[in-house]
Structures are given as structure tokens and as C-alpha cells.
Amino acid sequence: MTNKKFILGVFEDEEVLLHAIENIRAAGTKIYEVFTPFPVHGIDDVLGIKRSRLPIAAFLYGCCGLAFALWMQIYMMGYDWPMIIGGKPHVALPSFIPVSFELTVFCTAHGMVLTFLIVCGLYPRLKVPVLDVRSTDDKFVMAIEVKEGVTDITKVNDLLRSNGAVEVNQKEVEE
Amino acid sequence: MQHVSPIREPLVTGGKTYHDITEDVSRQVEAKPNIRWAIALAVALFFLGIFIYSVYRTLWYGIGEWGLNKTVGWAWDITNFVWWVGIGHAGTLISAILLLFRQKWRSSINRAAEAMTIFAVICAAMFPVLHMGRPWLAYWVLPLPNTFGSLWVNFNSPLLWDVFAISTYFTVSLVFWYLGLVPDFATIRDRATGPIARRAYALLSLGWKGSAKHWSRYETVSLILAGVSTPLVLSVHTIVSMDFATAVIPGWHTTIFPPYFVAGAIFSGFAMVLTLMIITRDVFRLKDYITLEHIESMNKVIILTGSIVGVAYITEFFIAWYSGVEYEQYAFINRATGPYWWAYWSMMTCNVITPQLFWIRKIRRSIVATFIITIFVNIGMWFERFVIIVTSLHRDYLPSSWVMFSPSSIDIGIYVGTLGLFFTLFLLFAKYFPVVNMFEVKTILKSSSGVPHSLDPEKSMHATTPVTHQNKHHD
Numbered sequence: 001m002t003n004k005k006f007i008l009g010v011f012e013d014e015e016v017l018l019h020a021i022e023n024i025r026a027a028g029t030k031i032y033e034v035f036t037p038f039p040v041h042g043i044d045d046v047l048g049i050k051r052s053r054l055p056i057a058a059f060l061y062g063c064c065g066l067a068f069a070l071w072m073q074i075y076m077m078g079y080d081w082p083m084i085i086g087g088k089p090h091v092a093l094p095s096f097i098p099v100s101f102e103l104t105v106f107c108t109a110h111g112m113v114l115t116f117l118i119v120c121g122l123y124p125r126l127k128v129p130v131l132d133v134r135s136t137d138d139k140f141v142m143a144i145e146v147k148e149g150v151t152d153i154t155k156v157n158d159l160l161r162s163n164g165a166v167e168v169n170q171k172e173v174e175e
Numbered sequence: 001m002q003h004v005s006p007i008r009e010p011l012v013t014g015g016k017t018y019h020d021i022t023e024d025v026s027r028q029v030e031a032k033p034n035i036r037w038a039i040a041l042a043v044a045l046f047f048l049g050i051f052i053y054s055v056y057r058t059l060w061y062g063i064g065e066w067g068l069n070k071t072v073g074w075a076w077d078i079t080n081f082v083w084w085v086g087i088g089h090a091g092t093l094i095s096a097i098l099l100l101f102r103q104k105w106r107s108s109i110n111r112a113a114e115a116m117t118i119f120a121v122i123c124a125a126m127f128p129v130l131h132m133g134r135p136w137l138a139y140w141v142l143p144l145p146n147t148f149g150s151l152w153v154n155f156n157s158p159l160l161w162d163v164f165a166i167s168t169y170f171t172v173s174l175v176f177w178y179l180g181l182v183p184d185f186a187t188i189r190d191r192a193t194g195p196i197a198r199r200a201y202a203l204l205s206l207g208w209k210g211s212a213k214h215w216s217r218y219e220t221v222s223l224i225l226a227g228v229s230t231p232l233v234l235s236v237h238t239i240v241s242m243d244f245a246t247a248v249i250p251g252w253h254t255t256i257f258p259p260y261f262v263a264g265a266i267f268s269g270f271a272m273v274l275t276l277m278i279i280t281r282d283v284f285r286l287k288d289y290i291t292l293e294h295i296e297s298m299n300k301v302i303i304l305t306g307s308i309v310g311v312a313y314i315t316e317f318f319i320a321w322y323s324g325v326e327y328e329q330y331a332f333i334n335r336a337t338g339p340y341w342w343a344y345w346s347m348m349t350c351n352v353i354t355p356q357l358f359w360i361r362k363i364r365r366s367i368v369a370t371f372i373i374t375i376f377v378n379i380g381m382w383f384e385r386f387v388i389i390v391t392s393l394h395r396d397y398l399p400s401s402w403v404m405f406s407p408s409s410i411d412i413g414i415y416v417g418t419l420g421l422f423f424t425l426f427l428l429f430a431k432y433f434p435v436v437n438m439f440e441v442k443t444i445l446k447s448s449s450g451v452p453h454s455l456d457p458e459k460s461m462h463a464t465t466p467v468t469h470q471n472k473h474h475d
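Quick mapping for you: the protein sequence lines, in order, are chains A and V.
Residue numbering for the first sequence follows full-length UniProt numbering, starting at 1 and increasing by one per position.
Residue numbering for the second sequence follows full-length UniProt numbering, starting at 1 and increasing by one per position.
One chain only, chain V, in its complex shape (with noise of 0.2 Å):
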């Protein structure tokens, strides 16, 4: 029983059969690395090599190794913080909040996301941890008695908040990917030969058998999971913009910044997603799976929240010149014509105006296209976020103490450092796990592939036979 809708366009093509998923998918986690992922790990580790020196650096002369001065104390690193953040949140969006809409359309792309989400948080959370210049004292934000007297942190603080925000972020995605590849390493675990792999895929998939109890229940969880993810992320990006909004300087001080940073994140989020996702159907031969449905459906999201988001910067002009606050009112005209326009203008450029190219079906559905105004959205929305954070700082309200910032090596060399790194962590993941989800493909395969796979006469003799009883045996 295959339906072939004469509206939608199928999800997956190719006239595939559930064996055909568990072929695709597996081949590259059975087959020996090729040579352009072995190239590509090699390059990433030279960038994690970089990170890690940044990082000794860091730690051994201390924070004076980064550009910051007296005035501008946040740069980079917050930057970054924001910016690896936010795009952890496309992921959780795809897994959580399109799980709740039923799109269909999640199924080929949540697992790599919700990787891209873990492996992103993980590179954010390497910011403020080197900012506090002493990371090994890092559980002092945590609210556990100490040598001083039962002195406490302060709850009132937004940095606070951050801490319990990132960790329940990172610990909840982190349970909710692991939880849907459980199935999946079983399927791999049943299918391995060389006795590593079996005992490996066999721990990692801790005894998932897929019995009928065991999946209702399951997708009882992965429900809830989902139900309980939404606000949460939701709300990092909110508690993020926090730490920003709930300070009194000019350009931070702003009510717009929880919704507005959100639809940021998302931009980004899926603006990345689309970069790695292009990348990997092409490396994999995975383009049955995720196909131009699939990157026109993540575009027309890449429109609506970059509308959302230079809706946003226009809100902030016309909300500094409504209320009258002169200082307000000169964060932003130095913004855009200050020293740092150069920094606003690459802003607007890549994030308002090139998404909305978008609205032509024929760059929304081009490859080449989508590719390169992913990668400037990319730029754009770390530029925002160097925006928000250096031009407000550089010159606030006391001129004698207005300053330039500028980046020392160090500072590049752990940015850079953490793109070694995720995409480290990236390639492990592309090439050890199941990068699409199978089962959750193999249940959309019947209502929305292509070609339908032939069925023999007999089976489908049985399959048209008109359900009855339904719920006899259901008390």
C-alpha cells in the first residue's frame, strides 16, 4: 500500500525499500574511510591543533594573551559564545519543534542537526569557560557549599542563569539524539562483521531489540522529549540575550533582544545545517534522502527568520530614536557610521538582503546558490553578534574611555580553533554513526517516497484487505 500524493513531492526518491535505507545508510559506516574524509579530518585536526595552542596560551600567560582592554572586557569570546549557540539551535528545532508540527520532512536531516547541535554547544561552551581564566575553578558556578561560609552564587545573575540554561541545553539534546540512534546502532550492531565493531555497535545500542512495547514506548518519550525541548530552547537564546538585555549600556539595553536573538539563532542554525547537509549528501551519495525538497523547505525557514531578524534591526533604530535617549540614539548612528560600519554594513548585507533571494523558487532550489548564501549567513550573523558586542562597548558613556578593539592571534586562533574542532567531532560523528535517521525514514517511506516498490500479488492481497476489529483486543 504506497501512496504516491499527486500534490507533494516525495521525501525520499529513488523507489526505495526499507532494505534499500538500511544499505544506504550503513554503507559508509561499514566501508573504510575514503580519502577525501580522511583529507577533511586531517584539515580540521590541524585547525584543532591551532585550539589547542590557543588554549595552552590562554591558560599559561592568562586572559592578557586576548585583545580585550579595559573598555571593551567582552569580544570575541562572547561573540563566538552566541554565535556557536545559536547555531546549536537549528537541531533542536528540527528534532523538537518540527516533531510536534508533524513535518515529515525532519525525518532525513534531525540526526545530523541534532549532532551539529551537540557538537556546537560544545564549542560554545569553551568561551566562557577560557574567559574565566582559571577553568579549573569552573564549578564554582555552581551552587555548592564552599570554604568561604555558605556563600552562594547569585541567582539574580543573568552569567548564572547561562550556566543552568547551556547545561540542561547541552545534557537534554545530547539524551534526545543519543535516545533516536539507540535503534539505529542495533540495526548497524545486527549487520557488523569484524568483531570490534559488533561489540562496540552492541554497547552503544544497549540492547535494543525493537519490540513493539519497546517503540510505543519509546515514541512516547521522544514526544515528550520534544514537548519539554521547545521552551528550552526557546529559552537559552532568551537567557542568552539576557546577559546582554538586563545590562544598563546603550545598545544592549533592549526588550526586543529575546525574540530577536532567537530568530537569530534559528537563522544561523539553519544556515549552517543547509552548509553541512549539502556537503555530506554529496560525500555520502545520500541525495535520495535529503533532497531539494528538503533544502527548499530549510530555505523558506532561512527567509522567515531572516525577515524576523532585519525586522529586528530596524525595530532597534526606530525604538532608539522613539524613546528620546540620546545616548541610545548615538549607539546606533555610531553603528552605522562609526568606526566599526564596515563590521554593521557586512551585517545588513549578509543578513538582510541576500536571504530574501530566497524568494525566487530558482535560487531557492539551486545547489550552487544555497550553498554560498548559507555561508554568508553564517558570516553575517557572527558579524551581528560582533556588532551588538564591540560597538556598544567601544564607546560608551565616558569618552575618556573610548577605545578601539582589535583581535590578537590568540583570540583568531581559538575561533578558528573551535571550527577545527566541531568539525573534528563532525567527521567522527559522519563517518561512525547513521548520519540519516532509518527508522524514522522507513516510516515516512510508504506515504511519501517516489516510485512505489513492487509488492507481490499475494502480500498485496493481504495488505487491501479491509481492516476490521480495530480495537477488538484494545480495552
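Pulled out of the complex, with its shape left as it was, chain A reads as follows (with noise of 0.2 Å):
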């Protein structure tokens, strides 16, 4: 159990988080998270979030959904217990269609689902280590991690009150 300490900065309004982060960055602080109630556009750009990979794996997912649902089909229909159904041929691709539509799209939502829910590390849990509960409200939080002899903490306090944070406060979590 190691104890992690940090500063938050507490803002109430987006654009002015917006200014903050990229002046913070500038003075060469590293941010630790910034916790918004909903998602703000441009955050990305100045945090300086690298694009999400997630739509090359939800791409993969459709095609192994795909692949699968065509040689299930073309297997099943074709080779192992081949019957002539109304007159069609037994691999009667116009007819497998719908079928393999259907399975691309459950491959492509639920794997991408998943995907998205491992990376974030999200599963149901009973204790939840907010370090603000109104970032889920109406602040907008920014979390700055305290290394012992090396983050100077009052340097750190001027520099999110001068950025327009409106409280400062400081929270140790139990990792």
C-alpha cells in the first residue's frame, strides 16, 4: 500500500480549464488526470492525448465477425450436411448476407465495448478513489501529483490560483 498525495485544483468553468492546462504544461508541471463532469472539447489537443487506437481494433473485430460468420455459413450449409433449399444452391451467398451483416455488427460493438472497458479499467466495484465527487457534478478537477522533495507545493498552489482554479486543495489516495 503505497499512499498517493496530490493537488487539485478546482475549476468552474471548461474554458478557463482549457487556458489552465496549457499554461500548467508551459511551466513545465505534469498534470496527473483532469476529471470533467462531461467530456470538453479541445482537451485532447492541449493535454496532448494521443488518438485513440480503439476504432483500428473495432475495425478487426468486424472482420474476425465477418470471416467467422461466412465460413460458419459456407461450412454448415456448403460442406457438412450440404440440402437444396428452395431451389438454392447450397452456398448461396446472396442468402447469407443478412447473417453475416448481423454478426460483423455484434463483433465489431462488443468487442470495441470490452476493448474500451479493459483499457479504461472499468468493472463493477463497490470503493471508487474520486478525489472530488463534484468532478462528476459541476468542477471541473485538476490533480497534480506530490512527489516527496521534488514538487514544490506552494510553487504549485500560485501557479492553479493564478490560473483561475477557484480552491486548491490537497488529498492523499491509498493506491
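Note that these hints are calculated values from the structure, not bench results.
A portion of the hints provided could be inaccurate.
[Claimed, not checked] What the simulated footprint calls covered on chain A by chain V, stretch by stretch (three residues with Cβ under 8 Å from a Cβ of chain V suffice, anywhere in the stretch; the number is not a length):
hint: 1; stretch: 30-37
hint: 2; stretch: 51-60
hint: 3; stretch: 71-82
hint: 4; stretch: 86-95
hint: 5; stretch: 98-104
hint: 6; stretch: 117-127
hint: 7; stretch: 145-151
Because the structure is a prediction, the values reported are computed rather than measured.
The beta carbon of each residue, even a glycine, is placed where N, CA and C say it ideally should be.
Need the complex rebuilt from these two chains, each delivered in its own frame; the hints are there to steer you.
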């Protein structure tokens, strides 16, 4: 059990927050995480968050779903137990389109969502280490990690205050 | 930095702040259930009881409890199935297609509309499953190796396509809806005071903290989900319509069915969303979030889809005549003038004439008129499915097998019972889940709310500083 210490800057407006992020990063201070009650446009750019690769994952899941669906139908209808139904050929590709499409969507959606939950570390749990509960309501919270002997707490406090934080708090979290 | 458009009407009225949104939406989740809600739930549970009794009779004595006969082998069951699936479509349309089109007005209604989708699909699924007669063998529709050897399901059959379409549609909609709920559950969790509520919403919120990185990924995921759900929702009703269109029954064997059914689905779905939202906004005091502007926008969709449906009815008649196929011509003349003329003309009145009233701005913006017309549309769409199914089957190629269909009390019981099931689920949802998507309404608050909330001068000074080096840290 290691304890992590954070300085939390609380902001009331997302535009103020965006400027603050820019200025604080320009001042050479590392931002641990920013918590917002809703997705803020432009925050990816100022925080330097790289574009997510989830679309690529989704595409690959979709390809797997399509390949599986086509293999399944062609194998089952065409090779394992061929029967003539409605005068159609054994491998009747046009009538395989609906199931292939549905399985493509199924695999894309569920594969991508599962990946999203895993990479974000989201799973049902009772205790959530939220740094400031108001960040899910109407406040924008910037967390800066305090490293013993490295971080100058007063300097970070001043930096946050001068960039529009309405409150600056400290919090320790068990990891 | 609040912007008030001189042209567009605001989507959120009453000069709300971010905190007001949280308060207004969380209020009914946190408050004790009110008496009106309890009475509504009691009524819904009564109808759910009828459903359970009717299902028990169906399973214990068999499908003979239904009014089906040798000619009309599908009647109320498939009518109700298609009707419920259609109702479900508006939710996905609002959450997926309108998201792709960047329609901001969807934000305050998408949550409830998606919930409606989920519950409507659950109700819909009851009918094919019960029609199997032995639902405990429902897994036979899945391509599983079975005890008869490697005999597989028939992938050429539209009924099997339905299995894949409906189950994909249901699970994808459920995931899409749940993912949207996660951040709002987190909001409620962080406000919760009681130990049960705190634990329950903690489990539901999956540990969501609202970090910028998670939001960024979340937006990517919801955009892709919308992208795959859009063709999905169109495919589902297309496939449902193929259950009919691939048959050779006069009145069913029509290439117009897929687009016509999809338009009808959106039409009935929006009608149901409106019916529910008009009640919800009143009961839960959400008039600042679900405004007349929202109702008017939905009414415009109803005019469009209602007109498409009307054109489809006329086209069917025209094609029956133009094809020169006498069986086809007879099927349509029989619909309009035969023994089921009353069903046909109810459908025409409810679906073709009533929605046209929405061209009048006063009616489009009237809550009472909208409520009445949407009820008419729901009834009309039920009759549409009934007309297509029963009038096409009751007189087919062989006059010796011509019969009439009348539903048994169990048929009626299952139908009103699914209404009970639907409203039970919807009422529980409305009480325990946030009915308005809080975080999404917060994102549109600044660009489309009514009265700007005051910002203190210091903050507005920061806010108006021009953004420089926007992409400085972006690599």
C-alpha cells in the first residue's frame, strides 16, 4: 500500500480550465489527470492525449465477425450437411448476407466495448477512489501528483490559483 | 462564454447551470416514490399479471389457446412482434442516426428513447419465443451441433435471419444504452447518501471517474457504436419485412417492404417516444429539458415518416394493379372492401390522415394535440401490421380454405400483458435511472440554453482571453 498525494485545482468553467492546462504544462508542471463532468472539446489537444486506437480495434473485430460468419455458413450449409432448400445452391451467398452483416456488427460493437472497458479499467466495484466528488457534478478538477522532495507545493498552488482555480486542495489516496 | 442564438430556439430553458441539471435529473432518483408513480406501477403490474397468466395458459395447454386456425397461422403474435420491434426503432434512431447528424436536440430525449427500445424489443421477443410453443427449446434456433447429428439451422430462411438480427440489435442497443448511463450513474453515486444507493450505483457505474482520457475514448466508442447501429437498425426491420416479402402470399410478396417497414417503424417509434416523453416531462418536472422545441422536432419526423408510409400504401395498390397479377389485385381490393375493411380504413385514417395535421404549426406545438395524435399513430401502426398479416392470409390462393380470424382471450391477454411488461420496466427505469442524459445536456448547455447564467467578472476575463498555441502540445 503506497499512498499517493495530490494537489487538486478546482475550476468552475471549462474554458478557464483549458487555458490553465496550457499554462501549467507550459510552466513545466506535469498534470496527473483532469476530471470533468462531461467531455470537454479541445481537452485532448491541450493535454496531449493521443488519438485512441479503438477504431482500429473495432475494424479488426468486425473483420473477425465477418470471416467467422461466412466460414460458419459456407461450412454448415455447403459442406457439413448440404441440402437443397428452395432450389438455392448450397453456398447461396446472397442469402448469407443478413447473418454475415449482423455478426459483423455484433463482433465490432461488443469487441470494441469490452476493449474500452479493459483499457479504461472499468469494472463493477464498491469503492471508487474519486479525488473530488464534485467532478462528476459541475466542477472541473485538475490533479497534480506530489512527489516528495521534488514538487514545490506552494509553487503549484500559486500556479493553479493564478490560472483561475477557485479552490486548491490536497488529498492523499491509497493505491 | 454563453451564446444565445437569435434564430434557433434554446434546447434548455430556465437559465440552468451545470449543477441545476444534476439536481433536476437526480431529484426523482433520490426522492421517495410519489403516489402517482406508485399507482401507475400498480396498474402496470396488474397487466403484467395478465401477461403471466396468459403465458402460463399458452405453455400449459399449448398454442391451441390462441385464435389461430389452419389458414391464419400467424395473427396477433406476429402483428404484435412487428409492432413492438417497430416501436423500438425510434430509440436507436435518436441515439445513433441523430448523433451522426450532430442533432443537438437528441441529448435530452435519447436516454428515455433508448430505454424504450430495450423494453420494446424485450416485449417483441416474447412473441416469436412463445409461438415456438416450447420456449425451453428456443436454443434450437442457434447453429449448435445437436443430437440428431450435424444437422444445422437453415441460413436461407428469413426467420433465422430474424434470430441474428433481433439478438444483435438487442445486445448492441443494451450496451450502447448502458455505456451512456455509466457517467450519470457515477454522478448519482457521488451524491448518494444512503448505503444501499451508494453501493448499488457504485456497482452500476463501473468505477467511472470522468478523467479526460476516459472521456476521449468514450466519445470515440460512442461514435463508432452509432456508426454500426445506424445500418443495424435499418437492417433489423428490413429483415423483419423479409419474413413476409420472401413468401409468395399475395399482399406480402413485395419489394417495397424493407423501406416501407423501416419508415413505419420510425413513425410508430417516434409516436411512442412522444407519448412517453409528454407524460415523463410532466410527472418528473423536466419541462426545461424536454421543451416544445423537442416535441416539434419529433413531430416533424412524424410528418416525414407518416408521409412515406402513406405513399407506400398507395404504391402497393398501384403495383398490384400495374403488375397485372389477379391474385395480387384481389388481395388489395379485399383489404379495402372485404370483411376486414374496418381494419384497413382504421389504418388509413390513423396513419395517413392524422399525422398530416402536423403541417399546422399550432397543432405541431400543442402538447394535447400531439399526445392524441401519437396515440392514433400507435393504434394505426398496429392495424397496419394486422392488415398486412391477417387480410393477406385469410383469403389465399385456395377459396376452400378461406376463413376469418378472431383473437381468443389469451391472444388479447398476451398483447395487453406485454403493454404491462413494457410499462412496468419503463416506470422502474424512470424512477431508479436518470431519465435525461445529464452529461450530454451539460455539453450543449452553453451553446443552446435560454438565459445565460452569470459568470463572475474574473472568470469571464479568463474565458475571453483568446486561445493561443492551441496545438502546442499536440504531437
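Assertion that chain V covers the stretch 145-151 of chain A - criterion: three or more residues, beta-carbon distance below 8 Å: It is violated, with 0 qualifying residues against the three required.
Verdict on chain V covering the stretch 98-104 of chain A, criterion of 3 CB contacts below 8 Å: With 5 residues closer than 8 Å to chain V, the stretch 98-104 of chain A meets the three-residue bar; holds.
Per-stretch coverage check for the stretch 117-127 of chain A, three Cβ contacts closer than 8 Å to chain V: Result for this restraint: holds, n = 10.
Per-stretch coverage check for the stretch 51-60 of chain A, three Cβ contacts closer than 8 Å to chain V: holds (count 4)
Given coverage of the stretch 86-95 of chain A by chain V, tested with a Cβ cutoff of 8 Å and a minimum of 3 residues: holds (count 4)
Coverage criterion applied to the stretch 30-37 of chain A (partner chain V; beta-carbon cut 8 Å; 3 residues): It holds, with 5 qualifying residues against the three required.
Chain V over the stretch 71-82 of chain A, status - at least 3 residues with CB closer than 8 Å: n = 6 at 8 Å, threshold three: holds.
In this structure, only the earlier hint numbered 7 is contradicted, and the remaining ones agree with it.
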